[in-house]
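**Q** Next come the chains, spelled out residue by residue.
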Amino acid sequence: MDKYIRNIYKGVYTVLVGMRVTIRQFFQPNVTHQYPYEHDFEKKQNVREIPKGYRGQLYNRIEDCIGCKKCELICPVDCITITGDKLPKGEQLWDSMNVVHLKDGREVIGIIEGDDKKIMSEDSMTITNITTRLGPQEVIDRLEASEDESRAETFSTDEVSRVVTRNPVVFYLDQFDIDMSLCMYCGLCTEVCPTQCLVMKDSLEGIEYSSFDRTDLIFEFDKQEMYDKDETDNTEAAD
Amino acid sequence: METTQQTESKIIELKPFTDEMVVNMGPQHPSTHGVLRLELILDGEVVREAIPHIGYLHRCFEKHSENLSYPQIIPFTDRMDYVAAMNQNWGFCLAVEKLMAADEKKDFAVPERAEYLRVLICELNRIASHLLSFGTYGMDTGAVTPFFYAFRDRERLLLLFEKICGARLTYNYIRIGGVSEIIHMEPGSLDEQNFLDEVKDFLDYFEPKIDEYNDLLTSNSIFSERTMGVAVMSAEMALSYGATGPNLRGSGVDWDLRRDEPYSIYDRFDFEVPVAKDIPELGAVVGDCWSRYKVRMDEMKESVRIVRQILAEGLPDGPVMADLKAVRPPKGEIYFRSEAPRGELGFYIVSDGTPKPVRLKGRSPCFSALSALQELSRGLMVADIIAIIGSIDIVMGEVDR
Amino acid sequence: MPEIFSEGFFPNINLQDETNWATDFVRDVIIPRLPEAVAGHFPVELGTVLVMVAFAGIFVAVVPLLPLVLVLAERKVAARFQNRTGPMRVGPWGTLQTLADGIKLIFKEDYIPPQGDKLLFLLAPYIIFACSFAVFAAIPFGDGIPIPGDFNIGIFYIMAISSVIVMGVIMAGWSSNSKWSLLGSLRSAAQIVSYEIPLGLSILTVVMLVESLGMQQIVASQDGGIFTWLIFRTPFTFIAFFIFFISSIAEVNRTPFDLPEAESEIVAGFHTEYSGMRFALFFIAEYANMFAVSAIGVTLFLGGWQGVLPGYDFLGGFPGFVIKTLGLVFLMMWLRWTLPRLRVDQLMNLCWKYFIPISFFNILGTGVWGLIFRHDDVWSIGISCAIIYVGLISAYAVAGRSLARKPEPQPS
Chain Y
1 MDKYIRNIYK GVYTVLVGMR VTIRQFFQPN VTHQYPYEHD FEKKQNVREI
51 PKGYRGQLYN RIEDCIGCKK CELICPVDCI TITGDKLPKG EQLWDSMNVV
101 HLKDGREVIG IIEGDDKKIM SEDSMTITNI TTRLGPQEVI DRLEASEDES
151 RAETFSTDEV SRVVTRNPVV FYLDQFDIDM SLCMYCGLCT EVCPTQCLVM
201 KDSLEGIEYS SFDRTDLIFE FDKQEMYDKD ETDNTEAAD
Chain R
240 METTQQTESK IIELKPFTDE MVVNMGPQHP STHGVLRLEL ILDGEVVREA
290 IPHIGYLHRC FEKHSENLSY PQIIPFTDRM DYVAAMNQNW GFCLAVEKLM
340 AADEKKDFAV PERAEYLRVL ICELNRIASH LLSFGTYGMD TGAVTPFFYA
390 FRDRERLLLL FEKICGARLT YNYIRIGGVS EIIHMEPGSL DEQNFLDEVK
440 DFLDYFEPKI DEYNDLLTSN SIFSERTMGV AVMSAEMALS YGATGPNLRG
490 SGVDWDLRRD EPYSIYDRFD FEVPVAKDIP ELGAVVGDCW SRYKVRMDEM
540 KESVRIVRQI LAEGLPDGPV MADLKAVRPP KGEIYFRSEA PRGELGFYIV
590 SDGTPKPVRL KGRSPCFSAL SALQELSRGL MVADIIAIIG SIDIVMGEVD
640 R
Chain D
641 MPEIFSEGFF PNINLQDETN WATDFVRDVI IPRLPEAVAG HFPVELGTVL
691 VMVAFAGIFV AVVPLLPLVL VLAERKVAAR FQNRTGPMRV GPWGTLQTLA
741 DGIKLIFKED YIPPQGDKLL FLLAPYIIFA CSFAVFAAIP FGDGIPIPGD
791 FNIGIFYIMA ISSVIVMGVI MAGWSSNSKW SLLGSLRSAA QIVSYEIPLG
841 LSILTVVMLV ESLGMQQIVA SQDGGIFTWL IFRTPFTFIA FFIFFISSIA
891 EVNRTPFDLP EAESEIVAGF HTEYSGMRFA LFFIAEYANM FAVSAIGVTL
941 FLGGWQGVLP GYDFLGGFPG FVIKTLGLVF LMMWLRWTLP RLRVDQLMNL
991 CWKYFIPISF FNILGTGVWG LIFRHDDVWS IGISCAIIYV GLISAYAVAG
1041 RSLARKPEPQ PS
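Chains as they are written, first to last, in our numbering: chain Y, 1 to 239; chain R, 240 to 640; chain D, 641 to 1052.
Bear in mind the hints are in silico, worked out from the structure with no lab data behind them.
Where is the CB? At the ideal position from N, CA and C, for every residue including glycine.
It is possible that some hints are incorrect.
Claimed, not checked - Below, simulated DSSO-like cross-link-like pairs (lysine-lysine); rule was C-alpha separation at most 27 Å, straight line: (1) R/K564 x Y/K70; (2) R/K595 x Y/K70; (3) D/K716 x R/K448; (4) R/K402 x Y/K52; (5) R/K564 x Y/K10; (6) R/K595 x Y/K3; (7) R/K302 x Y/K70; (8) Y/K70 x R/K570; (9) Y/K69 x R/K564; (10) D/K993 x Y/K10; (11) D/K993 x Y/K3; (12) Y/K10 x R/K448; (13) R/K302 x Y/K69; (14) R/K402 x Y/K201.
What the hints assert, rightly or not - Listed next, the stretches of chain D that the computed footprint assigns to chain R, with coverage defined by at least 3 CB atoms under 8 Å from CB atoms of chain R: (15) 722 to 730; (16) 980 to 991.
Given the sequences, and given the hints that come with them, work out the whole structure.
**A** Set out below in structure tokens:
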């Protein structure tokens, strides 16, 4: 009899305790948000933002790509396809040079004086042989032609966001395709990229790119464009 | 006298004849935790036999690994136990590191900072994993609300993981020789401070929540009726089936690799290993579903304790990655086990000195625990099957690999 | 056989009864408006039946809107309990979501399992639907609102009609030719049949006090403000109310007693194989049932449409009735989103070992109470409220003490 009453008692009591927990949550604010409508990730205070370094869609800044095929090798699922011809011996698309990305978004192409590996630890850097982003032949021409001192500039390291070193290019890229339907977002390819040109977009368009057709998910990064056009600043994924 | 005899004989003739019913539970079923298929032989509501059929999620992880270099295998270990992917990464990396340490020529050690980050992130991952287990167990027993509470809190953890490694579920964070540097966190920088503050905020928020969950589900009399005394797995049985982790501790065996075979820097932290005990006044028996579940709830508290100790010490300075040119373990073989949230995760690797393993075998805790299901479920009811599956906390990705 | 008919096969639909509202309606409203020549020969009985059918038609048209609201309310309430927003897309704040779902279900394929029993499969949802709506006929919604089925055995009729639902459930489960459905329907049968006993017994306590089975009479006996509501009339009806409430949750198959459709165990129970509009009928019937049992609970124990204070209309009349009913519905939702589900044998345990003995004890107690206090007066109600109050306080005190002794179960 004691156990009988105790059971009734326990049942009622624990149910009431549980109800107290839920009714407290009844008056708490929402933790969810209406995703596609609150699109900007900013409208509500409890809405999160996409953190820096999020592993989204793969994007190749093709003008910096040297075609080293390291990403193709490391990819565990073989979602990157690179084909390219080796240039005849002795020829190269451009000489060793540096691309300096400034924090205000500008890019300066030239040759850094001194050791470019350790340049970020110094206060300032001087870049000589500054050139514009033109077709490769013209770049080569300019680089060969000029010993002009006026095309040198000095930046303080604070302005510079990153420095990319381009080695002499002996590859001629035909094709740089990334099949995002195969990608497993491990990020190994972005780590091995020597020029840091292969990145994963940590913005909204790096997340929302779903498609009804699987072939739409094969992104072709076309270097051909760069060889042909004069102004190739806006090389985008041909999607 | 005659009439009574006649009626008696009639009763014997009318002895109820019941047909056994074979029911397929799964592979598409709300509460088989993935694509587990159970062949239930039912006598009414009573289960005569529950035969698990696995393999619906088999992706040839082990064979596939033979064609991959060691760093490439790490993202595949994420896909084993996708609920606690950090711990899977870690288990694999620990095995490879130990194999490489056998090579006397190469002198390499995982940096201190990386070790701390590993423990921090893996204990948080353990909380996330147990939260999911708690939520789905509530769902299995019919209470939907705990599921949403668990996911609400797990979401905060996933945001933390996202901040430190850029992914929410398949992290590929822990690497051979350290941790990933995709998102660089300078020692002593504001980024690091912000991250640690956020971890602390989460712990402060989460610790009272555990008690709330205990109020909501653990101590609920309907829940304890459903789980206490059901499917008792004795210590001998647990050991013979190779059940590990919370399932083993739920059976009363005091065994935790973090304490008994300390790897990494677990020997520096002060934590207790929750082990189930008989609670006669409640009706809990060692080895029943409730004990297994309760061990998980208590383990979350211990994980919080470990993370708090790391926060109090602060992360040490230094690099997060050992100076490794290439991952090329020497010829030899290794078996290394570590304590993942679901139990003992072992990796057996045979190397011939090339960058790719010759043979790789993962010893998954869920597989061993699932094998006990057939014996546990004999003679119980359909609803109990669900309670058992939830309490042994399987992830089919790890069972099938 | 003839005797049965002469005594009245339907004893309550007595067409010669002067107090029948439909006859009054025909006599006072329709006949004066008819031309002289027709009025003299107008068959009053036929008119009565026609008026009743018309009124029932209005009910059948209006009442399905109720689940429409309740489904949305349930989803919103569940969302609040889980820190979500619930449906937000269709209409302002998702208010048209149920309508959209209904339209979608109408256009879906009406699949009939080829191996099943087609006739029963088609019939089952209608039986459940019809029974759950027939209950509404006898509920007194408010002062002056006519009841289509104003019987002198109203509560008996409700009990009878609502037990037919289990037949529909079994038919649905059997005819689907699915093992999950069969399990669900048999669970449901066992559950509903068992829980009807404590339900009926706790209703009996009320009937003993009021000495009538008619719903109007039950409401009329609670006209003296909140303390004359039957829940406070005796300590035993106070207990009976909770037994009634919990048993009625079991009757309408909601968590923690939703075994017939336990989605984590037997997929969807007896309506696993149903799709399209037939599934919608089950769904509507479920929510209509939920409202109906709450309304019955309010009528029997919480004063029906009688207000809190004798002279005032606070919580009285039709709005008061609906508010009280929705309060009980909210309580059901609150329980549903808090509690886990019972197992089959535990369900039976709870019914046979706890509810039924307590119900019998209640009946005994109510009888004794009725012998002691022949008429309800200030004394009897005062003593009753005092006993309830002291009981609750002492239970709370014991809770505090036992809590202090055993704080939190800690196995490790």
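**Q** Work down the list of hints and note, for each, if the structure agrees.
**A** Going through the hints against the structure:
no. : hint            : result
1   : R/K564 x Y/K70  : holds (15 Å)
2   : R/K595 x Y/K70  : holds (17 Å)
3   : D/K716 x R/K448 : holds (24 Å)
4   : R/K402 x Y/K52  : holds (7 Å)
5   : R/K564 x Y/K10  : violated (63 Å)
6   : R/K595 x Y/K3   : violated (64 Å)
7   : R/K302 x Y/K70  : holds (24 Å)
8   : Y/K70 x R/K570  : holds (26 Å)
9   : Y/K69 x R/K564  : holds (18 Å)
10  : D/K993 x Y/K10  : holds (15 Å)
11  : D/K993 x Y/K3   : holds (13 Å)
12  : Y/K10 x R/K448  : holds (22 Å)
13  : R/K302 x Y/K69  : holds (25 Å)
14  : R/K402 x Y/K201 : holds (14 Å)
15  : 722 to 730      : holds (count 3)
16  : 980 to 991      : holds (count 7)
In summary, the structure is inconsistent with hints 5 and 6 from the numbered list given earlier, while agreeing with the others.
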